[in-house]
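Engineer: Each chain, letter by letter, is given below.
Protein chains: 2
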Amino acid sequence: MSVFTSRGWALASRPVGEPKASDFGIHTEEVPEPGNGEIQVRNHWMSVDPYMRGRMYDRESYVPPFQIGEILQGGAVGEVTASGHPDYAVGDLVQSMAGWREGFTAAPEAVMAQKLPSDTGLPTSAFLGIAGMPGLTAYAGILRVAELKEGDTVFVSGAAGAVGSAVVQIAKIKGCTVIGSAGGEEKVALVKSLGADECIDYRAAGDYDGLLAALRAAAPKGIDVYFDNVGGDHFQAAIEMARPFARMAICGMISQYNDTEPRPGPNNVIQIVGKQLQIRGFIVSTHADMQADFINDMSEWIGSGKLKFEETVMEGIEEAPNAFMGLFQGANTGKMLVKLS
Amino acid sequence: MSVFTSRGWALASRPVGEPKASDFGIHTEEVPEPGNGEIQVRNHWMSVDPYMRGRMYDRESYVPPFQIGEILQGGAVGEVTASGHPDYAVGDLVQSMAGWREGFTAAPEAVMAQKLPSDTGLPTSAFLGIAGMPGLTAYAGILRVAELKEGDTVFVSGAAGAVGSAVVQIAKIKGCTVIGSAGGEEKVALVKSLGADECIDYRAAGDYDGLLAALRAAAPKGIDVYFDNVGGDHFQAAIEMARPFARMAICGMISQYNDTEPRPGPNNVIQIVGKQLQIRGFIVSTHADMQADFINDMSEWIGSGKLKFEETVMEGIEEAPNAFMGLFQGANTGKMLVKLS
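Top to bottom, those sequences are chains A and B. For the first sequence, the positions run 264 to 604 when the numbering used here is used. For the second sequence, the positions run 264 to 604 when the numbering used here is used.
By construction, these hints were calculated from the structure, which means they are not laboratory data. Mixed in with the good hints, there may be bad ones.
Intra- or inter-copy, both count: the list cannot distinguish identical chains.
Below 25 Å or equal to it, Euclidean Cα-Cα: the simulated SDA-like pairs (lysine to any residue) are [stated by the list, open to error]:
no. : residue 1 : residue 2
1   : Lys378    : Gln539
2   : Lys412    : Thr549
3   : Lys455    : Met375
4   : Lys571    : Asn299
5   : Lys602    : Gly485
6   : Lys484    : Asn531
7   : Lys484    : Tyr320
8   : Lys378    : Ile289
9   : Lys437    : Pro527
10  : Lys484    : Thr549
11  : Lys602    : Thr549
12  : Lys484    : Asp321
13  : Lys602    : Phe267
14  : Lys484    : Arg322
15  : Lys484    : Pro328
16  : Lys283    : Gln330
17  : Lys437    : Glu292
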């Protein structure tokens with residue numbers, strides 16, 4: 264009765280440089296009835312995130328590489344359609360790492376599934392964004408990794424993205440001056456509407472010198488904190504404008520994920536010494552211990568209207584590769600999601 | 264009676280690239296009898312240190328730039344020859360920042376003068392090296408900035424220098440595996456004699472690929488800590504071989520101090536994210552609060568033979584520019600000093 268078919272995406276080839284449509288192939292699988300200890304789930308939403316690009320390389324990293332021909336993985340939320348597990352009932356909403364597909368049957372622990380909390384008042388898609396991995400990334404990165412203090416001047420690249428837009432707002436809530444960077448007028452307007460004191464349009468700035476001039480104009484006395492989602496010129500400009508003892512949380516470098524050759528690093532790393540900079544990379548899973556505080560704070564901030572979130576939604580599993588590829592072209596404002604049903 | 268003449272060195276011009284002899288000019292001054300609250304000192308030793316190169320640029324930094332035509336400053340130890348200050352008597356040994364000259368008359372606080380402790384059993388020159396600024400730099404940098412832990416695999420560039428040779432030994436005392444890098448067979452032998460498990464001859468390695476291969480051979484499982492005195496290829500190789508959560512104390516980048524153009528940074532900074540690296544620059548004066556612990560530990564370690572120190576001594580004030588320029592050619596093993604009398 265409850266057997267259904269699920270379409271899902273696998274790598275057809277490892278992308279070289281910018282991912283392209285032919286790097287992905289769609290597969291149809293049967294989603295069987297669950298055995299003992301298993302659940303059958305129909306996904307409602309799936310997430311595409313920049314970090315997935317790293318898993319498309321065949322190399323050792325903090326997560327294993329995707330395999331050619333195997334359905335990709337990623338965050339998803341869905342609804343239990345049949346259950347062989349005592350803790351799960353039909354209709355339960357679950358979050359899992361079994362994204363990039365319309366549904367699945369698996370033991371919950373095999374796909375890192377867990378039930379969504381029912382009392383948050385948040386839409387289910389939020390658990391892939393502001394109340395999920397990207398939100399915790401922003402929260403842990405700006406508060407713990409960057410050691411945010413009231414009164415700091417904070418520079419956030421990728422400020423219109425899922426993580427960056429949360430960083431902007433958390434820093435404002437904590438009493439900081441916040442300068443964002445985003446690409447294009449629409450995103451700049453969004454970042455300002457979220458409370459940023461200034462937002463640089465890095466596309467309008469044109470090149471490194473333009474970006475640096477814009478940052479200098481926005482923060483003439485320099486910056487105390489940099490939250491990096493972008494890398495490249497943004498990282499270099501942040502070092503250039505860093506005040507003594509500035510702290511940098513290096514979350515991602517999306518401008519470099521598709522590089523096919525090693526790219527020269529910031530030409531001013533010597534300033535790390537004299538300015539006594541602290542530069543820290545981080546991965547959200549390292550900060551899983553902050554989950555309870557994160558959910559408490561987020562619920563309060565969202566509930567009281569202090570924190571807003573944006574989503575860019577593409578419709579249908581067919582669109583998943585386009586959604587993913589769009590991340591590298593700045594196609595998203597806030598969290599990029601694929602709606603599946 | 265006690266008036267004498269002192270020769271001292273000033274900048275004749277700001278060096279462009281590698282400093283050269285014509286950038287320095289020698290001046291003769293009369294050292295007057297001390298007034299009330301002043302001391303007259305004949306310097307016995309003066310220090311040349313890599314950080315001084317930074318003060319030769321006309322730019323804002325953590326210490327003000329040297330001025331053309333004014334006698335340079337730096338660490339010195341000498342003997343009080345006349346005193347108008349109640350706390351100082353003729354014959355007292357004092358440390359000051361009035362180096363690059365044979366003697367001076369000044370209020371102690373104007374030249375950051377303080378009496379040397381008399382009970383350490385150390386030669387006076389040690390207060391310009393292992394028991395002075397370079398020693399504290401090593402101590403604070405490896406223990407606090409790099410958060411050294413027993414069992415760490417530690418990579419130290421400039422390992423035969425004043426700071427590096429102390430870092431090597433402190434890390435060994437703390438139960439770590441230590442890999443140094445130094446230029447030439449003689450220095451490599453020294454670093455090994457100080458207890459390093461391995462020492463790379465970066466000159467023999469030739470280029471970045473050679474350096475990386477040598478580091479990989481010495482630390483096939485990677486490094487937990489990097490102490491940077493050199494920058495450039497060494498910094499990049501350290502990032503490449505860093506284990507997850509590696510900590511880097513960035514003390515100096517002597518390979519880059521004479522750059523006339525911005526130099527591309529490490530081409531692998533993207534690894535900062537996935538490896539969750541912590542990179543911290545530091546200046547010794549920030550860690551002055553460690554002075555008492557430092558002197559206690561150093562006295563014990565030197566007294567018990569656990570920690571040795573090397574000096575490279577040039578004789579006479581005439582040699583001061585050569586001593587300084589020699590730092591950038593690797594002319595020193597351990598602390599580079601000029602003996603004045």
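Engineer: From the Cα coordinates, with 25 Å as the cut-off, is the pair Lys602 and Phe267 best called within, between, both, or neither?
Structural biologist: Within one copy only: 18 Å inside, 87 Å across.
Engineer: Please sort Lys571 with Asn299 into within, between, both or neither, judging by C-alpha distance up to 25 Å.
Structural biologist: neither (41 Å within a copy, 68 Å between copies)
Engineer: At most 25 Å between alpha carbons: which applies to Lys437 and Glu292, within, between, both or neither?
Structural biologist: This pair counts as neither: shortest intra-copy Cα distance 48 Å, inter-copy 57 Å.
Engineer: Is it within a copy, between copies, both, or neither that the alpha carbon of Lys484 lies no farther than 25 Å from that of Thr549?
Structural biologist: For Lys484 and Thr549, only the inter-copy Cα distance (21 Å) is at most 25 Å; the intra-copy one is 33 Å.
Engineer: What label fits Lys455 with Met375 when the C-alpha limit is 25 Å: within, between, both, or neither?
Structural biologist: Answer is neither: 36 Å inside a copy and 49 Å across each miss the 25 Å cutoff.
Engineer: One pair to classify: Lys484 and Asn531, alpha carbons no more than 25 Å apart. Within, between, both, or neither?
Structural biologist: within (18 Å within a copy, 29 Å between copies)
Engineer: With identical chains treated as interchangeable, where does the CA-CA distance between Lys378 and Gln539 reach 25 Å or less: within a copy, between copies, both, or neither?
Structural biologist: So Lys378 and Gln539 fail the 25 Å test inside a copy (45 Å) and across (30 Å) alike.
Engineer: Using 25 Å as the alpha-carbon threshold, which applies to Lys484 and Asp321: within, between, both, or neither?
Structural biologist: Intra 43 Å, inter 20 Å, cutoff 25 Å: inter-copy only.
Engineer: For Lys412 vs Thr549, is the C-alpha pair at or below 25 Å within one copy, between two copies, both, or neither?
Structural biologist: both (21 Å within a copy, 20 Å between copies)
Engineer: Evaluate Lys283 and Gln330 at a C-alpha cut-off of 25 Å and name the case that applies: within, between, both or neither.
Structural biologist: within (17 Å within a copy, 58 Å between copies)
Engineer: Within a copy, between copies, both or neither: where do Lys484 and Tyr320 come within 25 Å Cα-Cα?
Structural biologist: Between copies only: 22 Å across, 41 Å inside.
Engineer: If the cutoff is 25 Å on CA atoms, where do Lys602 and Gly485 land: within, between, both or neither? Let me know, please.
Structural biologist: Neither: 41 Å inside a copy, 43 Å across copies.
This entry does not satisfy hints 1, 3, 4, 5, 8, 9, 11 and 17, going by the numbered hints stated previously.
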